[in-house]
Amino acid sequence: GENVEQHPSTLSVQEGDSAVIKCTYSDSASNYFPWYKQELGKGPQLIIDIRSNVGEKKDQRIAVTLNKTAKHFSLHITETQPEDSAVYFCAAPRGHAGNMLTFGGGTRLMVKP
Amino acid sequence: DSGVTQTPKHLITATGQRVTLRCSPRSGDLSVYWYQQSLDQGLQFLIQYYNGEERAKGNILERFSAQQFPDLHSELNLSSLELGDSALYFCASSVTGGGYEKLFFGSGTQLSVL
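Protein chains in written order, with this note's numbering: chain R, 1 to 113; chain Y, 1 to 114.
So here's chain R without its partners, still in its complex pose (with noise of 0.2 Å):
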């Protein structure tokens, strides 16, 4: 089955800079990586996607990035806000299955005013 390892667990950032969450995947088969995004209270909510046929997608202040070869995907947050405070979890397909989802460990995201 899939392995999905993201670091780091915590990450305090000064709000305006740049975050950066990084999640590494054991099934070369994978071909699907979502982002979730779950705030205290809530459950996680799917914030960005890519497919294994992209190397890098964008929505305004976020992105992620694909590197098949190394196996590994990342989150990158710009100009950060307090409301970008939240765990984020980086996920990795079970088998095939693109909905069957492996979590990595979370990040928990301190945006500092």
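It is possible that part of the hints are untrue.
To be verified - Now the stretches of chain R that chain Y is said to cover, found in silico as 3 or more residues with beta-carbon under 8 Å:
| id | region |
| --- | --- |
| 1 | 42 to 51 |
| 2 | 103 to 109 |
What the hints assert, rightly or not - Cut-off 20 Å, straight-line C-alpha distance, at most; resulting in silico cross-link-like pairs (PhoX-like, lysine-lysine):
| id | chain 1 | residue 1 | chain 2 | residue 2 |
| --- | --- | --- | --- | --- |
| 3 | Y | Lys9 | R | Lys42 |
| 4 | R | Lys57 | R | Lys71 |
| 5 | R | Lys57 | R | Lys68 |
| 6 | R | Lys22 | R | Lys68 |
| 7 | R | Lys112 | R | Lys37 |
| 8 | R | Lys22 | R | Lys57 |
| 9 | R | Lys37 | Y | Lys102 |
| 10 | Y | Lys102 | Y | Lys57 |
| 11 | Y | Lys57 | R | Lys42 |
| 12 | R | Lys57 | R | Lys37 |
| 13 | R | Lys57 | R | Lys112 |
| 14 | R | Lys58 | Y | Lys102 |
| 15 | R | Lys71 | R | Lys42 |
| 16 | R | Lys57 | Y | Lys102 |
| 17 | R | Lys58 | R | Lys68 |
If you are wondering where the hints come from, they were derived from the structure by calculation, not from laboratory data.
The beta-carbon is built from N, C-alpha and C at its ideal position, and this holds for glycine as well.
Place chain Y on chain R using the hints.
Showing chain Y alone in chain R's frame:
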């Protein structure tokens, strides 16, 4: 609001007991997933249902069972509870349960086993 409803929000019970967690998916979604979130294990996939049928099984203990009813709501039954079962249990739903679909998570049920 994701549109996925989970009840109850909090549940406190004792070891050895049995509880039932309930989930109503988003309107139109046919697939329901159950995840367990604990501090030491992170977010773990338990089981997936599609239109009433079990589609995939993950790290679900034999003491746990689930089902999806004709109206598409789902229940997760946890029996012979142990202290280690204390966790946040999430339900998620998606349209078809196929690949690459966005999962919509509920707010979870916090289970405390004392």
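Hints breached by this structure: Of the numbered hints, 11, 13, 15 do not hold.
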